[in-house]
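Trainee: Given the coordinates of chain A, work out where chain B should sit on it, guided by the hints.
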Amino acid sequence: MSDGAPKVAAAAAKNRVGLTRADYDGSKSTLCPGCGHNAITAAIIQAAFESGLEPHAVAKLSGIGCSSKTPAYFLGHSHGFNAVHGRMPSIATGVRVANQSLLLIGISGDGDTASIGLGQFCHMVRRNVPVVYIIENNGVYGLTKGQFSATADVGSTMKGGKPNDLMPIDCCAIAIELGCGFVARSFSGDQKQLRPLLRAAFAHKGTAVLDVISPCVTFADHEGSSKSYAYVKEHDAPLHDIEYVPYYEDITVDYEPGSTREVQMPDGSHIYLKKLAEDYDPTSRERALGAIHEARAEQKLITGLLYAEPGLKPFEDELKLVEAPLATLPLESVRPPRSALEAVMEQLKTGKGLTAPAGGG
Amino acid sequence: MEPIVNDFSIQVATVNGSGSQTANTVLLRALFQMGIPVSGKNLFPSNIAGLPTWFTIRASKDGYIARRRENDILVVMNPETAAADVAAMGPGGVIVLNESIKVPPIPEDRVVYSVPMAKLMEPITTDVKLRRLVINMIYVGVLGELLGLAEDEVESALDAQLGRKPKALALNHAAVRAGWEYAHAHLEKRHPHRAARMNATQGKILIDGNAAGALGAMFGGVTVVTWYPITPSSSLVESLIGYLERYRRDPETGKATFAVVQAEDEIAAIGMVLGAGWAGARAMTSTSGPGISLMTEFTGYGYYAEIPAVIWDIQRVGPSTGLPTRTMQGDVTFAYTASHGDTKHPVLFPSSVQDCYEFGIKAFDLAERLQTPVFVLSDLDLGMNNWMSDPFPYPEGTWNRGKVLGDAELAQMPRFERYRDVDGDGIPFRTLPGTRDPKGVYFTRGSGHNEAAQYTEKPEDYQRGMDRLAKKFETARTLVPEPVIEDQGRAAGIIAYGSTHWAVVEARDQLRESGLALDYLLLKALPFPSAVADFVSRHERIYVVEQNRDAQMAGLLKIEYPEHAARFRSVLHYDGLPIDARSVSVPIAADETVATVAGVPEVARR
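Quick note, the sequences are listed as chains A and B, same order.
1 is the number of the first residue of the first sequence in this note's numbering; add one for each residue after it.
1 is the number of the first residue of the second sequence in this note's numbering; add one for each residue after it.
With the rest of the complex left out, here is chain A:
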C-alpha cells in the first residue's frame, strides 16, 4: 500500500464486481516516502476499484527503474511481470496476442521509455497494442538518480551543476505523432485529474499513453537546479549524502480546468501546470500538438486528456485472431489434420503447387 491513500472511508464500500478498495491493494511500497510514484499507485488502486476491474483479468507489466517496481504495490491479485529495462512494450505485445482478454497495465519511467525503451515504445504505439501505458516521469526537473533523463528540460542541471543543453523528448508528442488514440498528461499529486484519466484509459481499446509528472524526492534534492522555465529557490542545505533520503509530505494539487498552478518540487524548484480548459477538444491531433508546443513556449506543462481517438483499430484486429485466447486453444485447433501434412508432402514430391515459398535468394 502506498502512502496518503484515502482508504479508511472507502474500505467498506463495494464496487460493481463486489470488491472493496482493499482488494486492489498490493504489497507495501519500498519507494521513498513522498515519492510521486506512490501517489500514482494510489490513483491506480482507486481507479481500478472505481472501474470495477476484475483483478484476475488484469496483467501488470513493467520495465526497470523505480517506477517499474510499483506494479508490486497495487492489484496484488493480478499476475505481474517486471521485465528488463526498456522492453516492457514487447512483453505487453506478446501477452496481448496470446490472450486478448487481459487488460494490461504497463508501468514505465522516463528513462525506461524515453531512452533505452524509446524504440519499443514507438512500435507499441504504432501497432496500437491495447496497453494502459503509464510513464511515471520524474525527469521533468532534470534528475533521475543524479543522471539526466531524456525528458530533462534544456537548462536544468545535474547534481554536479552541469546544465542539460539537449532537447527533451516529449513522450506525449511522440505518441500523438505515431497515431496513438489516447494521450494524456497529468501530475502525480492531482488525484482528481489522474483517476478519471486512468479510468478512461482502462476503457480505451488501444494503446493509452499517460505521461504522469512525478516528483523525485531524493535525487532531486540539491542546489543549483536551474531550469530555464522555473524559479529556483535559494537552497541553504549542503549537498546531501546519497544515502540520505529526506522525508517529504506528498505534493497534492487541486486546481480548476483552464487555470495554471505553480507547484513547488522537492528540490525547491517550481513547475507550472496548465490544465486544459473544459471546452478543449481532444479529437484534433494538430490541436493537441499545438497545445503541447504552446505550453512549452510558456514554460508550462499542459495536463489533461490531450488527444483521443477511440475508434482506432487495436492491434489484434489487424491479426484477425479467433476469439478464444491463442494461449489456451486446444490441440485440435492448432494441429492441422493428417490430410494437410499429406498434401504438403505430395507437393514436395512433385514440386507442384508448393504452398510455401522455397528457400533461397
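Don't take every hint at face value.
To be verified - Among chain A residues calculated to face chain B with C-beta under 8 Å, some are: (1) H56; (2) H77; (3) V84; (4) V97; (5) I169; (6) A173; (7) I174; (8) T328; (9) V334; (10) R338; (11) K352.
Claimed, not checked - Only pairs whose alpha carbons sit at most 27 Å apart, straight line, appear in this in silico DSS-like list of lysine-lysine: (12) A/K313 x B/K255; (13) A/K320 x B/K255; (14) B/K439 x A/K14; (15) A/K205 x B/K129; (16) A/K28 x A/K14.
Just so you know, these hints were derived from the structure itself, not from any lab.
Idealized CB from N, CA, C, for every residue including glycine.
Mentor: Relative to the frame of chain A, chain B by itself:
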C-alpha cells in the same frame, strides 16, 4: 570411354538475380524425378542482383548428399568469374561455355562445349530483358542432351515451376528445346557422365530445412511467431506464414489461430515470445547469430524467470555481418550459455530436414515442460538448401504443455508456490495470467525471488534457486533428443552434429574403403545425454567434426568429461562453404594411420 552413371556434380556459375534459380531447380528436380539421389546447394552473395553466384547439383547413385569439393561439370554463364571458374576445373573437367563469354585458353585435357546461347535465343523472343532471363534454360537443354536426361522429366519439372504462367512456360520451354537440339546436332560427346533412371527417390521429398522447420512448428501447434528479417533465417518464417495462412486460418470466417508479428528488432522479437510464453502461448522466433546477440539479455531472463520460448538460430558466418550468406556452426557455445550470470539452455541440433521438422514440434514440448528458452541450431546449408528426405511422419499422440495449473487444480490445493520444486525434478508448477483463483497469482521478476516468487535478496534464497535451476538442467539432459549411435566396439569414433552429419556419412565410407572403420555418434542436443558419456568412455580416440574454427563442441566435451579430455581430436572446417567428405576423411585417415601404425603413446600426440 567407361561411362560414369549417376555420379557427378555440376556447378553453374552465374550472376545473382539473373533468373538462374528456376533453371537450376528444373535440373535438380528432373534428376530427382528420374530416381537419382540429388542435392542442390546455392552459394550466393549478400546481394539482390549483380554479384556472382554458384549453384551446385550433385547426383549420387550411392545417395551421398553432402557437398563435393570437386565439380565434374561447369556451366559458365558469368563473364566476371569465368576465368577463375574455368581455372578451377581439373583435367577431364567438362565445361559448358556460353560462347559470348571470353575465357583464357583452356588446356586440351578439359572437355569444352561452346554453345552460341545468345544466338539461340534470338528466334525465341525479341524482348532483350526476357532473353537475359530465359537464356539459362539453354544450358538446361544442353545438359539434358549431354547427360541424357529424360525429356519428360525435364518437361514436368519445368511445368511444376512455371505451370501457372503459360506465357513464361512457353518461352522457357522453347529455350530448353533450342539448347537440347543444338547440343544434339553440334556437340560430339567427349565426356563420360550420364544420367540414367534408377529407383532411389521414389516416395521421397525435396525440401529445405527452413521449410521443414516451419512445417514442424505448425504441426507442433505454434500460436505466436515473432521475427525480424535476417538471412539465412527469414525463409523459415516466410515458409511458416505460407503454411499457417493455408492451414490455420478459417477460410470462411477469415479468423486465424496464430499471430505472426514482424518485430522492430530481435530484442522485441524475443520479448514478444517471452510475453506470449508467459501468458501460455506456444511462441517462437527465428533468427541468426546477430539476432541471438541482441536476444541474450531476455534469454537470460527467460532462464531465470522460467518462461518457455523456442528460438531458432539458422547459423551463418560471423561475427557482425560476417559472410551473411555462408554457412557455419559457430554459435554453439554462444547459444548454450547465452546471457550473463549462470545461464545455460537446451540446444537442439537438427542434422537433416526431417530433424528440422521433428525438432520444430519437439522444441515446444521441451520448452514448456522445462519452462525455459530452447534453442534450435540449424545453419544456412541445412536451412536454405534443398535436401532429399523421406516424407515426414504425422505427429502421433498428444502434446506436452508442462506443469500448468488451472483454477480446477488450484481449488484442490492449500497453497501455490511458483518456484517450489514439488516433484524433485527441478521443474516447478506455473499458472497463467487470467487464472481466477487468487492463490495462483504470482509476480514474475528477473531479480531475486524465493519459492513463493517473493522478492528476496537473501543469499541462501538466491543460491537455493540457482541450485534448483541446475537440477532442472539435469532433468533436461534426460528429455532432449538422444544421439544416434553406431558402436561396433572400435577403438576410434567420430562425434558430429547438425549438417556436418552428411559429410561424415560419406567420409566413414571413404575411410572404410581404406580399411579404417570408425564408430559414430550423431549428437542431437545439449546438455549431453548420458549416452554421450558412455560413448566417450568406450573410445580411445574421438574425432569431433564441426564447422567452426575453435572446436566449440570439442571444448564443451572436454569440460563435460575432463577425465577423457585427451581423447578428443578436432576435425574442423570453417571457410563458409558447406563441409565435404574429404575434409573429414583425409585428416582422420592421416591421424588414424599414425595412431594405429606408428603405435605412438596416446599422450604424445596432440
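Trainee: State for each hint whether it applies.
Mentor: Each hint tested on the structure:
1. H56: holds, 5 Å
2. H77: Holds - the Cβ of A/H77 comes within 8 Å of chain B, reaching about 5 Å at its closest.
3. V84: Holds, because the Cβ-Cβ distance from A/V84 to chain B comes to roughly 5 Å (cut-off 8 Å).
4. V97: holds, 4 Å
5. I169: violated, 17 Å
6. A173: violated, 20 Å
7. I174: Constraint on A/I174 not satisfied, violated at 15 Å.
8. T328: holds, 6 Å
9. V334: holds, 4 Å
10. R338: Cβ of A/R338 sits 5 Å from chain B, so the hint holds.
11. K352: holds, 4 Å
12. A/K313 x B/K255: holds, 16 Å
13. A/K320 x B/K255: Distance ~5 Å between A/K320 and B/K255 Cα, so the pair holds.
14. B/K439 x A/K14: holds, 21 Å
15. A/K205 x B/K129: Violated - the C-alpha atoms of B/K129 and A/K205 are around 51 Å apart, more than 27 Å.
16. A/K28 x A/K14: Answer holds: A/K28 to A/K14 is near 22 Å, not above 27 Å.
Hint violations for this structure: numbers 5, 6, 7 and 15, all remaining hints satisfied.
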